[in-house]
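Undergrad: Listed below are the residues making up each chain.
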Amino acid sequence: MKVLLRNPKREVDVPGPLRVSALLERLAVNRESVLVIKGDTLVTGDAVLADADTVEVRPVISGGA
Amino acid sequence: MKCRRCRQPAAIEIRRHNAAFCPPCFEHHCIEQVRKAIDEFDMVGAGDRVLVAVSGGKDSLALWDMLVSLGYDADGLYLGLGIGDYSSDSAVYTRAFAEGRGLKLIEVDIPTEFGFDIPGAALVTKRVPCSACGLSKRHLFNQAALEGGYDVVATGHNLDDEAAVLFGNVLRWQTDYLGRQLPVLPAAHGFPRKVKPLVRLGERETAAWCVLRGIDYQVEECPNAVGNKHLGYKEALNAIEDASPGSKHAFYFEFLSKASKHFTPQAEAEQEGLRPCTGCGAPTTDQELCAFCKLVARVARATQAEAATKAGKAGTG
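Protein sequence lines, in the order shown, are assigned to chains A and B.
The opening position of the first sequence corresponds to residue 1 in our numbering, with each subsequent residue numbered one higher.
The opening position of the second sequence corresponds to residue 1001 in our numbering, with each subsequent residue numbered one higher.
Incorrect hints may have been included.
[Said to hold, decoys possible] Cut-off 30 Å, straight-line C-alpha distance, at most; resulting in silico cross-link-like pairs (DSS-like, lysine-lysine):
no.	chain 1	residue 1	chain 2	residue 2
1	A	K9	B	K1294
2	A	K2	B	K1002
3	B	K1002	A	K38
[Stated by the list, open to error] Which residues of chain A face chain B? A few of them, derived with a C-beta cut under 7 Å, are:
no.	residue
4	V29
5	L35
6	T54
These are computed hints drawn from the structure, not numbers from a lab.
Positions of the beta carbon are idealized from the N, C-alpha and C atoms, including for glycine.
All chains, please: the whole structure from these sequences, using the hints.
TA: Shown next, in the form of structure tokens:
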């Protein structure tokens, strides 16, 4: 599957099928700090992503206070 | 995973609530959390005019959207900070949001109106850009609210922001800041009331709100914030939250209920020493100019000195 990442913006290929939670573990991303977006909606940690899917792992942490 | 309310397929899991929600029930959850925060802390009264500080980011646009959804009379205030493409992009997102919903947006461009930008101010003051940025925002939010006759300034500070600021203040026992870290600062001494209606929502939730509501927001981080202490505190707290969901909520809300009262007398005493700034009339603890007017004057002096140096070099060259 294609995985879009930010900061810096890049794209990586990860073989599917794979659960969202496993994808985040593989990317070493804390699940509390991102959303996983497929199309125009969100997917939960137990959703299975297919090899043909494209998903965005979007960070949600912002630095201003 | 099923939605806790309706048992339809869930779109987002919120581990600190031990719950997952489908998109419609997630919107209900967010609105209820904001309504609860407003009611619990008496943030907005009937008929109050609210000025929402908007940046084009997820929190402020979600806040504005939620307040309007709840029926509040809420206009937006956008500050142009002069941070290159980041600022010009943030203005585009903010204007598109306001125009798309027919909402009133007030804009103040700091470089145009005050002759400096945030990176330039940081160079002159030899401090981090976030210092001049925060100082300018606080001053101009107050000023715009008072000039526009607004009762309340609402900012998009969320649970993660408040927990991270609390973490930093506790690490250094900054008791003056701890006394002011409240979801509501009442109107007093020439300041409008300031409220943080998102304190019961984490930033995953405000980002999810935007995605599910189709709100296009600025995802890119401010270039000046990259690597700052605040982000480090958030990462540390998220590592704790991952292992123990609910920790951030408990840390912040238990502080409010059990500890903040021990620090408020010091903050209140500081408020008593306020006097009008001789430059702009805003309340200040300083003898003459407020911190913002000092910043404007300091940058103007540096700009004049630089121009004189350049003119001198041109004359001798």
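Undergrad: None of the hints should be skipped; say for each whether it holds.
TA: These are the hints, each one checked on the structure:
no.: 1; hint: A:K9 - B:K1294; result: violated (39 Å)
no.: 2; hint: A:K2 - B:K1002; result: holds (26 Å)
no.: 3; hint: B:K1002 - A:K38; result: holds (18 Å)
no.: 4; hint: V29; result: violated (10 Å)
no.: 5; hint: L35; result: holds (6 Å)
no.: 6; hint: T54; result: violated (15 Å)
When the structure is compared with the earlier hints, violations turn up for hints 1, 4 and 6 and for no others.
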